[in-house]
Structures are given as structure tokens and as C-alpha cells.
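Trainee: The lines below spell out each chain.
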Amino acid sequence: MKRYILERVAYSLLVMWAVATLVFFMMRAIPGDPVRAMVGFEADPQTVAQIRHNLGLDQPFLVQYVRWLLSLIRLDLGNSIWNQQKVTTLLLEALPRTLSLATIAFSVAVILGIPAGIVSAVRRYSLSDHIFTVAAFLGLSMPDFWLGILLIILFATKLQWLPAFGYEPISAGIWPWLSHLILPALTAGTAFSAILARMTRSALLEVLREDYVRTARAKGLKEQIVILKHALRNALIPVITVMGIAFALLLAGSVIAENVFAIKGVGRLLIESILNRDFPVVQGAILVIATIFVFMNLFVDILYALINPKIRYVE
Amino acid sequence: MAEHQEKLQPEGLQEEEIRWALDFDPQDPSLGLNWEDLSSWRITRRTMLRLFIATGAFHYLSYLMNPPQVFAQGRPGGELRAAWNLREFTNLDPAFINQVFQFQVASNVLSGLTHIDKDLIPRGDLAESWEVSRNGLQWTFHLRRGVRFHNGDLFTADDVIYTYNRTLDPKVGSLHRAVLEGVEKAEKLDDYTVRFTLSRPRASFLIKVTERSSGRALTIVNRRAIEQMGKEYTRRPVGTGPFRIVEHRLGERLVLEKFPDYFMKGRPRLDRVVIFNIEEPATLVSALEAGQVQFINAIPEALYTRVKGNRDLIVSETSDPGFQAIFFNLRTDKKERIGKEKLPTDDNRVRLAVAKAMDREDLIKRALLGRGIPAYGPVPPAQGAYFVDLSKTSPQRFNPEEAKKLLAEAGFGGGFTVKMVVTPPTRRRGEVIADILKRHANITVELEVVDFPVQVQRFDSGQFEWLQIGSGGDYDPDDSIDDWFASTSKFNTFGYANPRVDALNAAQKTTVNPERRVKWVREIVEIVSRDAPCAFLFHAMDSVAYRKDVRGFVHIPSLRDLDTVTVK
Chain A
1 MKRYILERVA YSLLVMWAVA TLVFFMMRAI PGDPVRAMVG FEADPQTVAQ
51 IRHNLGLDQP FLVQYVRWLL SLIRLDLGNS IWNQQKVTTL LLEALPRTLS
101 LATIAFSVAV ILGIPAGIVS AVRRYSLSDH IFTVAAFLGL SMPDFWLGIL
151 LIILFATKLQ WLPAFGYEPI SAGIWPWLSH LILPALTAGT AFSAILARMT
201 RSALLEVLRE DYVRTARAKG LKEQIVILKH ALRNALIPVI TVMGIAFALL
251 LAGSVIAENV FAIKGVGRLL IESILNRDFP VVQGAILVIA TIFVFMNLFV
301 DILYALINPK IRYVE
Chain B
316 MAEHQEKLQP EGLQEEEIRW ALDFDPQDPS LGLNWEDLSS WRITRRTMLR
366 LFIATGAFHY LSYLMNPPQV FAQGRPGGEL RAAWNLREFT NLDPAFINQV
416 FQFQVASNVL SGLTHIDKDL IPRGDLAESW EVSRNGLQWT FHLRRGVRFH
466 NGDLFTADDV IYTYNRTLDP KVGSLHRAVL EGVEKAEKLD DYTVRFTLSR
516 PRASFLIKVT ERSSGRALTI VNRRAIEQMG KEYTRRPVGT GPFRIVEHRL
566 GERLVLEKFP DYFMKGRPRL DRVVIFNIEE PATLVSALEA GQVQFINAIP
616 EALYTRVKGN RDLIVSETSD PGFQAIFFNL RTDKKERIGK EKLPTDDNRV
666 RLAVAKAMDR EDLIKRALLG RGIPAYGPVP PAQGAYFVDL SKTSPQRFNP
716 EEAKKLLAEA GFGGGFTVKM VVTPPTRRRG EVIADILKRH ANITVELEVV
766 DFPVQVQRFD SGQFEWLQIG SGGDYDPDDS IDDWFASTSK FNTFGYANPR
816 VDALNAAQKT TVNPERRVKW VREIVEIVSR DAPCAFLFHA MDSVAYRKDV
866 RGFVHIPSLR DLDTVTVK
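Chains as they are written, first to last, in the working numbering: chain A, 1 to 315; chain B, 316 to 883.
It is possible that part of the hints are untrue.
Stated by the list, open to error - Below, simulated BS3-like cross-link-like pairs (lysine-lysine); rule was C-alpha separation at most 27 Å, straight line:
#1 B/Lys-546 / B/Lys-486
#2 A/Lys-158 / B/Lys-883
#3 B/Lys-623 / A/Lys-158
#4 B/Lys-805 / B/Lys-500
#5 A/Lys-158 / B/Lys-863
#6 B/Lys-655 / B/Lys-680
#7 B/Lys-719 / B/Lys-734
#8 B/Lys-734 / B/Lys-623
#9 A/Lys-310 / A/Lys-2
#10 A/Lys-86 / B/Lys-546
#11 B/Lys-486 / A/Lys-86
#12 B/Lys-680 / B/Lys-707
#13 B/Lys-546 / B/Lys-657
#14 B/Lys-707 / B/Lys-719
#15 B/Lys-657 / B/Lys-863
Stated by the list, open to error - Take a look, some chain B residues computed to stay more than 10 Å from chain A by CB distance:
#16 Met-579
#17 Phe-727
#18 Gly-777
Calculated from the structure, these hints are not laboratory results.
Ideal Cβ placement from N, Cα and C applies to all residues, glycine included.
So that you can see chain A by itself, here it is in the shape it has in the complex (with noise of 0.2 Å):
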């Protein structure tokens, strides 16, 4: 098992350096000027010029490259073109906000969409069934930012009891930072939580019908020990994947509910400076994702393991 982490770190390494090299080339090759974007229409040629050497851009893209990889090594993102702010404060500002907002909407999925799973199979065609069904058919096809504004006009403007917008630090206390969280994570949380009932559901079915399933009740175990114990476990594996690629896509930001909330965290960060061509930036919330992403996965891999016993990495 402790060869096979290592082996995976190793790759993983490999993947991240190969992310970072094709944002690098990719981010140079679409049209658009970082400065001309920072500077408007106002500057004249040789303020831009100025400005261009000032930040290193007037050297060839090879000179750039080994430039950044030498920092990187060094764990320095460099600084953003656009505000001059390094990209570590950048990314350490925002991914407390990320990280607060994935860990509520993750909850608000797994709390919602696991247990309207579990009672939609075992109670299949009942009336509790086709509800879920159909609440989790409204909750995909929703989209993130009408759900968004229309909790902000209903829970902020009419029932004013939840802030409309903004963000507050846990250090300011638990319940204005959990206030500012609650809409935006229902936004982000909802459309994981329908396809978690619906992976829940239909992975419990499949598994119901296992022989093992029959062999357990006919021991007369309680229904309720036969389907926690028995059936779930086995039924939770393709649910853990989805759910550990809800969590990393969560982690590397939900734009739409960031932008709608406007809570600075890393998914606005990366749109803004994809926008603003603001290559460091962009390069280092890529390469902040891409390693959430890798690690994701991993621990993924390494808890079917913990859940089923039947599987093992063998050395």
C-alpha cells in the first residue's frame, strides 16, 4: 500500500508539471494582450512598453517558462499582472472562502441527496419515490444562477433573514460566517445533491437484487441491518467516486455561486484573470486545482479500499 501512494505521488507530480506547461502555452496562445487588458484604451505605446519590460513579458515565452519553473520550485507563484498582488496572497485569500463554501454545499449534497437516495430505492414507485424523483429532475436542470437569485429574493429581500451577499471569516463568529454560507452552498449544492439521489438510488437497486442481499434477509436479519449494513456498503462505491469528484470540483471553486454571492474564491479568482489574461494567476489556481483534483482521487482510491475490504492495492 505505502509503494503504491508513493507511486501514485510520484505520477501525480507528473501530471501537475504537465497541467502547468499547457496552461503556460495555452494561456500565451489566446488572442488578447495582459497589459492592453490592464491599462485600457488610456496608455500610450510606450507606457505599455515600459510596462511590458517592467513585468518580463517582452522575453521570449521559452525565457518566461524556465523563469516560472525555477520559482515554482522555489513555491513561488510570481505576482498578478493585473493588481501586482503575489499569487500565493491571491490564492490564500480565496481558498478559505472555497474551502468553507465546498465543505457547506458538499454537506448540503451528501445531507440532501444520500438519504432521498436510500429511501427512493427501497421504496421504489412509492409516492416518496416519485417526489425525490422529481424534486432531484428540478434540481439538475435548475440552473445555478436563477436558483441563486431567486434564494436571494425570497430568504434576503422578502423574508430578510439571510444576507443577500459577502463573505465573513469564521474568526468573526459561527453564525455570520454559517449565514453567509447557507444560499450560496444551497446554489452550489443542490445539482450535486440531485445526482447523488439519483446514483444512491438506482446503485442500492442494482445491488438489492444481489444474492447475498437475499442470503442475509433469509438469515432473518433486520430489513434495516440488510440495507445499512449489507447493501449500502457495497451500493456506496460508485456513489464515493461521484461524490469525490462533487468535492474536488466544489474545491476548485463554484463560479456561478461565488459570482452571484460575490465571495472572492478561487473559481472567480481563475474566470476574472482568464479574462484579464493575467497568466500568473491563472497558471497558479490551475496548478491549486490540478493538485486538489490529483489528491482527490487518490484518497478516493485509497477509501474503496477502507469501505470494501475486497479491494486492495497489492504492493
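Use these hints to put chain B onto chain A, whose structure you have.
Mentor: Chain B in isolation, oriented as in the chain A frame:
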């Protein structure tokens, strides 16, 4: 005292009413009244009372009520929560500000030698007075004494010279260096007098160079703070303005606090202003409706009717000094640039036909929900005397029959197809334009939707057939004309050249005679309208919305100066 008051009080007036009527800042030109007070179906008695007091008719009452005390226990103080429809205040250092929404904030924190008022007339700010030599070449400014920067430094002539040199320093890379072109030197005559010597007279000197908001070339910065703070100065500039920045979480919130040593007594009236960045239009408006913020700096186009229809909100509107237009590429080198040797709009008749086919009322109604004034030239009505009303005379005015005739004459009777560059925010407008031109002149406009940096690049290098763009924050005719329509103008990348316009422009920008300047500017406007290097579309409206408990906001076009504002 109470007894006298009883007797002297005019019949039927309650003490509370009088107290309210007396509670205004004498320096506030709006007397603490807002648009609603003056424009409701009838002016309330309290409003009338304040107007009387302000004009002296009720002068004795102010003695009776002991005004300074009343003033002190009135509404000053408190916190305003505001939201800006902007993702972040990337750069508040005047050397690098290139966006109206950012200088709206900087204008509350920093000062210039002059500052425009709501009629776009420059008034003394850090300069108390100034003289111009007879030949228009020497401007001598007498500076206000005892003014302090937010870090305690005393403001003197050295700060003006420092700011001037910093803007010119190529290493700094100020975006506004070109504004100082034609300024030969800046000298300190004594601690409180500076003199600028120009190589040729400049009519717009007070607005374009020394003004607080748009004249970022000489918006006064603090040397010690810049040296100490380095790049952090771009986030939290130190100036001499009514508010100082106490906290700035980039892209999230900016906290301003009253600067107690601000040179204008009694200002600012608020203790604190918190400005949030909300880019999503629906959230911005919802936050205002919910009362989570009390002031928004702009009303998103699509949500205008929702804001306007809300009884808890007040909408303040002025004409935005600027113009929007479709620019036609007239460059002769465009064969290499865009792969097309000839464009239909190389022909003046076709350009005029496009302008004539443009139903501006329809465009304004459908794309802007009615918020705009049809434009036929670059100078906006906000510029007062320089504005020429061409709505009856311009060859660009809407006339589909003539448009068709001109197209037929030019050999395009069956219409033609053309590509127009727009950005995601102007796409909707572009679609309406395409629809109108299709309907009235059978011209097919294909939209090329590109991101802003790509648009800048293509505009700069002349890589477009048509391009929809415009100008904003044009306080002076130089912003509307000298920047755009002379053959060497910085924004003239579309290849327009008319020797007569060049000559008139050179004359208008260097004259010190306002009457002649008005005459020349108006003539340029008429020529440009006729030559049609672009089809003028509209002058936009500048609108702000706030909750009813916000008072005293003085709406200077494009600006959001908060020093006169109070909250209930």
C-alpha cells in the same frame, strides 16, 4: 427660552419640523434635500421651510434655535453601506486608474488642485485661487494652507511638484503621462505657490490636468506613503480627501473613515463608509432592496425598471458626459490589417446611410430601457454651451428613405454584410443595432463578440471592420474631440483625417477665449457629424440609486462624492 420659542414660532409649525428644517450643511448646495423632496407631487412644508431658511427668509429662526447646537445634534455621523458594481478596486493610485468606477472612490480619498462641480465647472480644491498670464502660458496656483494628508503630513507645494514628476517618470509608468504633454515645467515659487508653464495655451488645463477625478495626472499623492508602502499604495492610497481608507479587502470590501482633519469644516458628515464589491447585477439590486446596502453606484441596465418602481428607493440621474458610436474602419493600410481592401463604409454616402438607418429612439428603448439621449455628435449635453443640438439638422438623423436612396446611389441598394466587434457587456446593444440596420437598410451586421482585452488590441491595431465603442467621463470638449477626431488623436485608430478638423481642433484647445472656443468646438461637431467616421448612437445616462434614509447626495456626473451625504 422655551416660552419665547412658543410665541415666535409661526402658527402650526412643530418644533420638530423647525429642527429638521434647520439641520442642513450650509455648504451643501442641495441643502440636504434630495430629489424626492423636490420632485414629489407637492413640496412638503418641511422642504419649503428649509428652502426659506436657506434663502434667508426665515433667518431669525436660526438665531432663535441656536443653530450650531442644532447642527451638532442633527444627523451627521453614522455609517453608510454602499455597493459598487465592480469586481474589485484593482488600483486606486491615481497614476494607474483608468476606470470611472475606480476614480469615483479615489475622488473621495484624494484631492486635486481643482474639482468639478455638478455643472462641470472646476472649483478650487487644494488650490484656493489661481491666475493665468495674458498669453495663457503661465498658470499660478495659490495653495490652501494647513491642509493635512491622512498620515499627518502637511500639504505644500513640494507635494504638487512631487506628483508632477512622478506622473512624468517613465519608470513609474503612469497611464496619464500624455496629459502633461505641453506642460513645459512646474516650479515651486514658495511653500504655497506653484507655477506651471505651458509650451502653448491649453483651454482644458483646469479640468484635464488639475482636476481631482479625471485629472489623475495631478491628483495629489503623498511621497512618504508611497515610499513606505510600495505596491500597497495602490490598494490604500494616502491623500488629503474627506475620507481615509482604513481597510481594503481586495474584491470584497473597502472601508472608509471620516478624516477628522479634512480642510473643509463640517465635512464629511458620515463617520464611516463601507463599500462592497458586487459584480452580479441581480445581487447588487437585491442587496439594496433588502437594505443590506443603502447606496449603489450604478443601476444595471436590465434591472432599471425594478429599481425605478421600488418606493423605498430613490433614483438620481444626470446625463453622462460621453457618447457611444459605431466606428467605421477608414484606414488606408487595412488591406494587411483585416484582409479586406475595400469596405462599403469607405464611401461617405454609405456611412451616412448607416447613420440615417439608425433609429436611435428604438435603440434607446430596446437596448437601454429608455435611458439615453440620441447622439449626432461627440459633445454631450452635459458640456453645456459646447453642445450643439443636431437633432433637427444633422445629416446623421434618422431617415430610412434617404438611407435607402444613398445606398442605391453608392451601389449597395441590395444591402451588404459587415462584421462589428462588440464585447459581452455590449452584445445585447449590438443585437438591437443589427436588427435595426437590417430592417431599415437591409444591412447584415455579424457580431464578433470578443473579451475586453481583445477588443482593446483590435481597436488599437485597426483590426476591425466596424467596432462599437464610446467615451465616458468627458468633462471637457478635449475629452470628446481632441482625444478622438484629430488625425493624431490617441483614440483615432480608425483613420479619420480632415485637415479642417485638425486646424479647428488645434485652435480650440489652445485658445483662452471661451467664446471662440465654443464656436470652434461647435463647428468641429458639425463637420464630424457630416463626415461620419462613426455613426453616433447615444449619450448615456448616469444613474445612482439609494434608500430613502440617505440624504444630501450631490450628483456630479460620473462621480459619487459622499462628503455631503448623511444617513437617518
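Trainee: All the hints need checking, so say for each whether the structure fits it.
Mentor: Structure-based check of all given hints:
Between B/Lys-546 and B/Lys-486 the CA atoms are separated by roughly 14 Å; this keeps the pair inside 27 Å, and the hint holds. About 22 Å separates the Cα atoms of A/Lys-158 and B/Lys-883, which keeps this hinted pair within 27 Å; it holds. Of the pairs offered as hints, the one joining B/Lys-623 and A/Lys-158 holds, with about 18 Å between alpha carbons and a cut-off of 27 Å not exceeded. Our distance criterion of 27 Å between C-alpha atoms is met by B/Lys-805 and B/Lys-500, whose separation comes to about 23 Å.
Simply put, A/Lys-158 and B/Lys-863 have alpha-carbon atoms about 18 Å apart, close enough for the 27 Å limit, and the pair holds. The suggested pairing of B/Lys-655 with B/Lys-680 is violated, with an alpha-carbon distance near 34 Å, which exceeds 27 Å. The straight-line distance between the Cα atoms of B/Lys-719 and B/Lys-734 is roughly 20 Å, inside the 27 Å bound, and the hint therefore holds. This hinted pair does not check out: B/Lys-734 and B/Lys-623 have alpha carbons roughly 36 Å apart, beyond 27 Å.
Restraint check: the Cα-Cα separation between A/Lys-310 and A/Lys-2 comes to about 18 Å, which is no more than 27 Å; the hinted pair holds. Simply put, A/Lys-86 and B/Lys-546 have alpha-carbon atoms about 11 Å apart, close enough for the 27 Å limit, and the pair holds. For the suggested pair B/Lys-486 and A/Lys-86, the alpha carbons sit about 21 Å apart, so the restraint of at most 27 Å is met. Between B/Lys-680 and B/Lys-707 the alpha-carbon distance is near 20 Å, which keeps this suggested pair within the 27 Å criterion.
Of the pairs offered as hints, the one joining B/Lys-546 and B/Lys-657 is violated, with about 48 Å between alpha carbons and a cut-off of 27 Å exceeded. The straight-line distance between the Cα atoms of B/Lys-707 and B/Lys-719 is roughly 20 Å, inside the 27 Å bound, and the hint therefore holds. Simply put, B/Lys-657 and B/Lys-863 have alpha-carbon atoms about 56 Å apart, too far for the 27 Å limit, and the pair is violated. Non-interface call for B/Met-579 relative to chain A: holds, since the shortest CB-CB distance, roughly 30 Å, exceeds 10 Å.
The beta carbon of B/Phe-727 is kept farther than 10 Å from every beta carbon of chain A, the shortest such distance being approximately 31 Å. The beta carbon of B/Gly-777 is kept farther than 10 Å from every beta carbon of chain A, the shortest such distance being approximately 14 Å.
Hint violations for this structure: numbers 6, 8, 13, 15, all remaining hints satisfied.
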